[in-house]
Each structure stands twice: as structure tokens, then as C-alpha cells.
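Build the full structure now, drawing on both the sequences and the hints.
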Amino acid sequence: MTNNAFWHFLTLQLFKERSKHTSVILISVMILFLLSSVLFISSSIRFSLDETLKVQPDFVVSRLQGGSSIATPLAWGDELLDIYGISKVTPRVYGRYYFTAKEKSFLIVGVDFMEEQSHERLQKLIETTDIKTFFEGKQMLVGAGVKTYLEAHFYKGSYNFLTPDGTFEKVKVFNTLPTQSNLLANDMMVMPIDLARKVLGLGSEEVSDITFNVPNPDEWDMMTDKLSALHYDLHVVNKNEVRKSYENLYNYKGGLFLMLFIIVLGTFALILYQRYSMVYSSERRHIGLLRALGWSINDVLKLKLIETLIVVFSSFILGVFLAYVYVFMVGAPILREIFLGGQNLDNVVSFVPVVDFSVLSSIFLIYALPFIAAVLVPVWRVSVTDPKEAML
Amino acid sequence: MSGDMMIQIENLNRTFAHAGNEVKVLQDINLTIQKGECVILKGVSGSGKTTLLSLMAGLDKPSSGKVLIEGEPISKLPDAFASELRAKKIGMIFQHFNLFEHLSVAENVTIPLIPSGMKMKEIHSKVERSLTLANIIHKKEILASRLSGGEKQRTAIGRALVANPDIILCDEPTANLDRDNSLLFIDILKELHSMGKTIVVATHDPLFDNLSFESRVIPMVDGKIV
Numbered sequence: 156m157t158n159n160a161f162w163h164f165l166t167l168q169l170f171k172e173r174s175k176h177t178s179v180i181l182i183s184v185m186i187l188f189l190l191s192s193v194l195f196i197s198s199s200i201r202f203s204l205d206e207t208l209k210v211q212p213d214f215v216v217s218r219l220q221g222g223s224s225i226a227t228p229l230a231w232g233d234e235l236l237d238i239y240g241i242s243k244v245t246p247r248v249y250g251r252y253y254f255t256a257k258e259k260s261f262l263i264v265g266v267d268f269m270e271e272q273s274h275e276r277l278q279k280l281i282e283t284t285d286i287k288t289f290f291e292g293k294q295m296l297v298g299a300g301v302k303t304y305l306e307a308h309f310y311k312g313s314y315n316f317l318t319p320d321g322t323f324e325k326v327k328v329f330n331t332l333p334t335q336s337n338l339l340a341n342d343m344m345v346m347p348i349d350l351a352r353k354v355l356g357l358g359s360e361e362v363s364d365i366t367f368n369v370p371n372p373d374e375w376d377m378m379t380d381k382l383s384a385l386h387y388d389l390h391v392v393n394k395n396e397v398r399k400s401y402e403n404l405y406n407y408k409g410g411l412f413l414m415l416f417i418i419v420l421g422t423f424a425l426i427l428y429q430r431y432s433m434v435y436s437s438e439r440r441h442i443g444l445l446r447a448l449g450w451s452i453n454d455v456l457k458l459k460l461i462e463t464l465i466v467v468f469s470s471f472i473l474g475v476f477l478a479y480v481y482v483f484m485v486g487a488p489i490l491r492e493i494f495l496g497g498q499n500l501d502n503v504v505s506f507v508p509v510v511d512f513s514v515l516s517s518i519f520l521i522y523a524l525p526f527i528a529a530v531l532v533p534v535w536r537v538s539v540t541d542p543k544e545a546m547l
Numbered sequence: 051m052s053g054d055m056m057i058q059i060e061n062l063n064r065t066f067a068h069a070g071n072e073v074k075v076l077q078d079i080n081l082t083i084q085k086g087e088c089v090i091l092k093g094v095s096g097s098g099k100t101t102l103l104s105l106m107a108g109l110d111k112p113s114s115g116k117v118l119i120e121g122e123p124i125s126k127l128p129d130a131f132a133s134e135l136r137a138k139k140i141g142m143i144f145q146h147f148n149l150f151e152h153l154s155v156a157e158n159v160t161i162p163l164i165p166s167g168m169k170m171k172e173i174h175s176k177v178e179r180s181l182t183l184a185n186i187i188h189k190k191e192i193l194a195s196r197l198s199g200g201e202k203q204r205t206a207i208g209r210a211l212v213a214n215p216d217i218i219l220c221d222e223p224t225a226n227l228d229r230d231n232s233l234l235f236i237d238i239l240k241e242l243h244s245m246g247k248t249i250v251v252a253t254h255d256p257l258f259d260n261l262s263f264e265s266r267v268i269p270m271v272d273g274k275i276v
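Taken in sequence, the protein lines are chains A and B.
The letter at position 22 of the first sequence is residue 177 when you use the working numbering, and the numbering goes up by one with no holes.
The letter at position 144 of the second sequence is residue 194 when you use the working numbering, and the numbering goes up by one with no holes.
Please keep in mind that the hints were generated in silico from the structure rather than gathered at the bench.
You can take every hint at face value.
30 Å max Cα-Cα, derived DSBU-like pairs, lysine-lysine:
| # | chain 1 | residue 1 | chain 2 | residue 2 |
| --- | --- | --- | --- | --- |
| 1 | B | K189 | A | K543 |
| 2 | B | K189 | A | K171 |
| 3 | B | K274 | A | K543 |
| 4 | A | K457 | B | K138 |
| 5 | B | K74 | B | K111 |
Okay, here's the thing in C-alpha cells:
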């Protein structure tokens, strides 16, 4: 029956009953917009984390005593170098500096000019800055959040750190880190390694932790065991564990939304079901009348199926499109706070546009199947009853 | 079976379950209607004439017995065939007109032809012809919700005629019309009769007692033909 006349009638029905369809489309678009936004945000965060973790070292070794992290001896680095299969051993100096008056903290990261890896990474991050000049004085590179925060608290151009030995250390703001790195570097202060040691109270033979790479992934499990046996207080973490902890956090937040979505969708499907079943007698009468006028059960089901598919597809496309604009062009106000909120400093994160088509297909199926079933099951039930009964 | 027989009803019974009781709406109906005949099913409300009409149209299923349209048992046919038979052979005019109020006159009349697979051009020409016959062509673009009772009735007639069916079934066609419109309807019925259509009217309206054209009145009382 899918001839010109059928399509003509279908278009006519959709147009003439547009108020009925518009309300259904609007609710669907809202649900899909929210769900797609949440999934776009979590895909984008996951992508950014993956990209960040790609350039991170494979392993991090630190010293743990009584459950607390303490300074790691620099000499451990030499021991690591002696182990076959380990490369790029890099000691790191970093730590939190608390701005107690406002209960905020900054992440201080020390960079060794003589250490090639850190040097290169930093140069990549701030391509326009002359690194050599940066290492010449007591200077720091700050994240966008730090910069805004310091300026708001009248620290323009420099900041006085109170070191653990009770003296003040004035450090000049050399430049700001690019906003693309805000997800991780928003509250970061990058400074030469000796300066960082002083501010954090570390000795010259001490570091916060030591990183290294193990190029052969088959050796990762064995390496963890081997290192744990080296010192009783040696704590080792690999990149996959870091990735998992981040994913757990964002999956938890995304999962909460998914639960809410399923509840909303269930309610919506119930409303639709009622609309097309006993509650809306006009629907029943229309179907009964079509049957009385010579339409077969298949004809009626085909009409309602295509009508429903048009509503489903247009809602889906519109909802996903609006979500894309909201997340990747507007920056997802409100929802961003839910995902990145609770952060130390106000953060401006621009989400990298990432569209995961498998996720989009899942959204479509989760949304479309209950929707189509909620419409077609009652339509089918009415269609198979005698037209006279349906028209009553 | 005679070649002139259009509708044949054999030992037809229809019962409904109501409040735990079985209510017999039609009892042992036997009736034969010839091609081109006009039959008036006459009876008070609740006499079973509408139910009998619905069974003839295949809108309802008998509890027992048969309804044959040109020898085909309509209630036994699979849905696709029964629907095709309804679309091609039977034009139904309902008491409450049963129009799609959000569609125009012409669009309402188009509906029975949609499943036929005809091209839009052909459908348009059939709709025009039918609307002219039902004398409602001048209102073809008007929404059904804006029509008067008589205009709705003529739209329903147009819709019943659009597929050029052999049988026209009318359920209380003048119940919602004033006298002038009722007489107009009878004129249209006369024209249809002259075209050789088989017409069955279920009514209690006295206007159908003495029609100006040949007709057979079948009185019904309590679900039986008397």
C-alpha cells in the first residue's frame, strides 16, 4: 500500500494532527537532548583523559608509610634504571599548596630543565613561550583557574608562597597555560624543580614520585610484583589503574543519568501507551473507522508504524543536534558543573567534540524501541478487534 | 446460488454477554437481497437492525450463521480479503457520519481509496465524481468539523460512493438530519437505486415507509424479522 496516495495521506495526517505530534516530539527531544548531552560530555571527558594519559608515563613509584605518602628518595631512580625493561625514568616534584584562607589549593609541579622528557612536554604545552627564559628566574606558569583566582585576590603578576621553614618565597607569574589543558591543568602551577622543592619542603635528594615506562605491556603485571619486592614502602601504580579510577568516576555520574533517563522514558512510554489504548477513545475510533472503510490490519499498522518512525527519527535527530550544539558549541552550562563541579578552582573547560556512534545507536535503540512498542501494541490491539467495537 | 443474489444471510445469530447474561440481539435471521434491490430494515431502537447491518458490512462477527456477499462468506474471510471486499464492494453510511473532523471533505472521501494502490490522479478524479454525485463538491476544501449536519451526511455519502461499490449500507441515515435534508438524502438514494446499486437502509424514520421508488420494507422486532 506504500504508494503515492499512502504517503500523501501520511503527510496529511502528520500535518493536520501536528499539535498532537508536536507535544510528543517536544517531550522526546527534551529527553534525548539531556541524555545525548550527558553522553557527549562523558565521551568527550573520556577522550581528553585518554589523550592526556597517552603522553603520561606507564608507571608511577612513590613512597608510602603508614598509609601516608611521604617524600621519595631520588636514589630509587637509580635502582629502577638497573631493572631490565624499564626506560625513561623521571623523578617528579609536585604537591598541593593550600591557600588556607579560602580553603583552596594549587597543584605545584616542578620541572627539571636538565631532564629532557619534562622539558619537551612543557615545550609542547606552551609552544609560544621561551622555556629557557622561564628557567632563568623564580617564575611559574599557571593554569587559567589559578590565574583568575590570584587576580581576584589581588595577586597580580606574582605570589608569595609560605614555605614549610616559615620563610616567604616570591614567585613571578611567567605565563598562563593554554585553556585546552584546563581539564587537568586548571589549578596547576608549573615552576623550576628546585623552586618547587623549596615551596613544598622537599630536600635536594627527595622527590614526590618517580615515573618510568615499560614498553612491553606483557611485562606490566610482573613489573609491579618485582618493584613491590624492592622496598617494603614502595607504592607502584600503572596508567591503566589511573584510567580506571577516572572512568569509574565519570561512569558513575553518567550511570546516574542513565538511571534517571530510564525512569523518565518508562513514564513517557506509559503515557504514550495510555494515549493509544483505552484512554484515548478518539484514537480507537479513528482506527476502527479506517478498518470499516476497507483498510486491512496491515494497512493500519503500516500507517501508524511509519507515522511513529517519523516522530521518533525527527525527535532523535533534533535532540542529538541540540545536544551537540549545547555541549560542544555552548560548553554545556549547568551540566558541566555536575560533571566537573566540586573542583578546587572555577574551571573553564571546552569539550573536545567527540561523537561515539555506538553510543548514539544505543541511545536510539533505548529510546526508539519502547516508544514504538508503546504506540504499536495498543494500535495493534485495537486493529484486531472488530471495527464496530473499536468505533464505539 | 442465483447469479442475481447480492447478499445472502443464513441462520444468523448474534449474542452479547451482558452482566453475566447472554443477550440475543439477532435470532435466526434468514434473508436474501437481490442485486439492485433497495431494502429498508424497519424497527424501533434495539430491534437489531444496526447489528444486522454491521454484520452485512463485516464490521462485526456473527455468533453463528453466515453472511454471504456475492457468495463469499464475509465473516470467514481472512482480514486482507475481508478488508478488500469492504473497500471495493461496500459503501457504508453511518448514523453519526463518522468523518475525520480534522480533514477536509475531499480528504475524507479519499480515505477508502488509499489502500487500493491507485495513483493520486486517478483518486482525485474519482473523488471529484463522487463529490459531484453527493452534491457536496462546492465544499470540498472545507474541514469536516465546519460542516452542517446535512453537509456531513453528503460527505459521508460521497465517501461511501467513491470506490463505486455495488452495495450501499445506511445506518439511520436521517436520524441527525432535518426534514429537508432527509428528503434530499432520499433523492440521492433514488439516484443510486437507478444506477443499479444494492441498498440496505436501517431506519425507524417514517419517511422511508412510502418511497417513490421500488423498495422492500423488512420489519424487525426483538432481533427477528417479522
